[in-house]
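Trainee: Okay, here's what each chain looks like letter by letter:
2 protein chains.
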Amino acid sequence: MKMALIEAHKAMETDEVPVGAVIVHEGKIIASAHNQVKSPHNPTGHAEILAIKEACQKLKTTHLMDCDLYVTLEPCPMCAHAISLAKIRTLSFGAYDPKGGGVDHGPKIFDHSTCHHRPEIFGGIEEKACAALLQDFFQKKR
Amino acid sequence: MKMALIEAHKAMETDEVPVGAVIVHEGKIIASAHNQVKSPHNPTGHAEILAIKEACQKLKTTHLMDCDLYVTLEPCPMCAHAISLAKIRTLSFGAYDPKGGGVDHGPKIFDHSTCHHRPEIFGGIEEKACAALLQDFFQKKR
Chain A
1266 MKMALIEAHK AMETDEVPVG AVIVHEGKII ASAHNQVKSP HNPTGHAEIL
1316 AIKEACQKLK TTHLMDCDLY VTLEPCPMCA HAISLAKIRT LSFGAYDPKG
1366 GGVDHGPKIF DHSTCHHRPE IFGGIEEKAC AALLQDFFQK KR
Chain B
1266 MKMALIEAHK AMETDEVPVG AVIVHEGKII ASAHNQVKSP HNPTGHAEIL
1316 AIKEACQKLK TTHLMDCDLY VTLEPCPMCA HAISLAKIRT LSFGAYDPKG
1366 GGVDHGPKIF DHSTCHHRPE IFGGIEEKAC AALLQDFFQK KR
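Same order as they appear, the protein sequences are chains A and B.
Taken in order, the first sequence gives residues 1266 to 1407; the numbers are from this note's numbering.
Taken in order, the second sequence gives residues 1266 to 1407; the numbers are from this note's numbering.
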């Protein structure tokens, strides 16, 4: 999660919402990404989506059954379903997101019978540091 | 929707699930895409995601408020939330998808108070042709 936080800081530097994600495979980080929405004009450019794409390209697969994803914020519904499609083994996230999250909030993506893969989920990892970064970002925006 | 069906046929030719999408802005198609998951090793390579990226890059924006999306299959939860993030004006889809859809089925992405943009939705457009293409594809797979 510390590496995901470093990625989140990179997002902050380019005025993107500071969310970072890394994917680990066999003890090694094989993909790391931060939100890249504004400058590339891509509303789907969330850290998780970008990290999943990178990991899949690296392993030449569409399924990441042996991979673990760490992300600083509870994934939104788009990213949560992408995690399901990619069959990621475990999902660890930092801050909870009552307004935009899709795991423990809103549509609770993994709680439906039509969700064909549910990772093992660990919420609130390094929660304070992950949340503080986001609060800092949005406070500066006001 | 006829143009989206032509895109879906292209997916079929490369052994991808035959789903196609187009985005219309001011009466013109500005983006068209079909599922591209297998060969680029990208589990997020659904027609809608690819079309949204293309349209945003073309208009140099992350918001498609004046755009209408046509897709041959009810969007999955990932794509439905991407449509919400992109603030697309209207969503027209062909076949309903009780097993994997995220609009009228499963997590019903647009029905939550945490969903900040809900497009106008028209389901079942050219439903028979869209569904027949998918049935044909999956029958050949058996």
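Think of the hints as simulated: they come from the structure by calculation, not from any bench.
Treat the hints with care, as some may be off.
Copies of the same chain look alike in the list, so a pair counts if it works inside one copy or between any two.
Taking lysine-lysine and the BS3-like style, the derived pairs with C-alpha atoms no more than 25 Å apart in a straight line are [unchecked claim]:
#1 Lys1275 <-> Lys1318
#2 Lys1373 <-> Lys1352
#3 Lys1318 <-> Lys1352
#4 Lys1325 <-> Lys1393
#5 Lys1318 <-> Lys1303
The model shown is predicted, which means the values in this text are computed figures rather than measured ones.
Trainee: Please work out whether the CA atoms of Lys1318 and Lys1352 approach to 25 Å or closer within one copy, between two copies, in both situations, or in neither?
Mentor: Both ways: Lys1318 and Lys1352 sit 13 Å apart in one copy and 23 Å across, limit 25 Å.
Trainee: Between copies, within a copy, both or neither: which fits Lys1318 and Lys1303 at Cα up to 25 Å?
Mentor: Classified as both; 19 Å inside a copy, 12 Å across copies.
Trainee: At most 25 Å between C-alpha atoms: does Lys1275 with Lys1318 qualify within a copy, between copies, both, or neither?
Mentor: both (19 Å within a copy, 22 Å between copies)
Trainee: At most 25 Å between alpha carbons: which applies to Lys1325 and Lys1393, within, between, both or neither?
Mentor: neither (35 Å within a copy, 35 Å between copies)
Trainee: I want to check one pair: Lys1373 and Lys1352. Are their C-alpha atoms no more than 25 Å apart within a copy, between two copies, both, or neither?
Mentor: both (17 Å within a copy, 21 Å between copies)
Consistency with the previously given hints fails for number 4 only.
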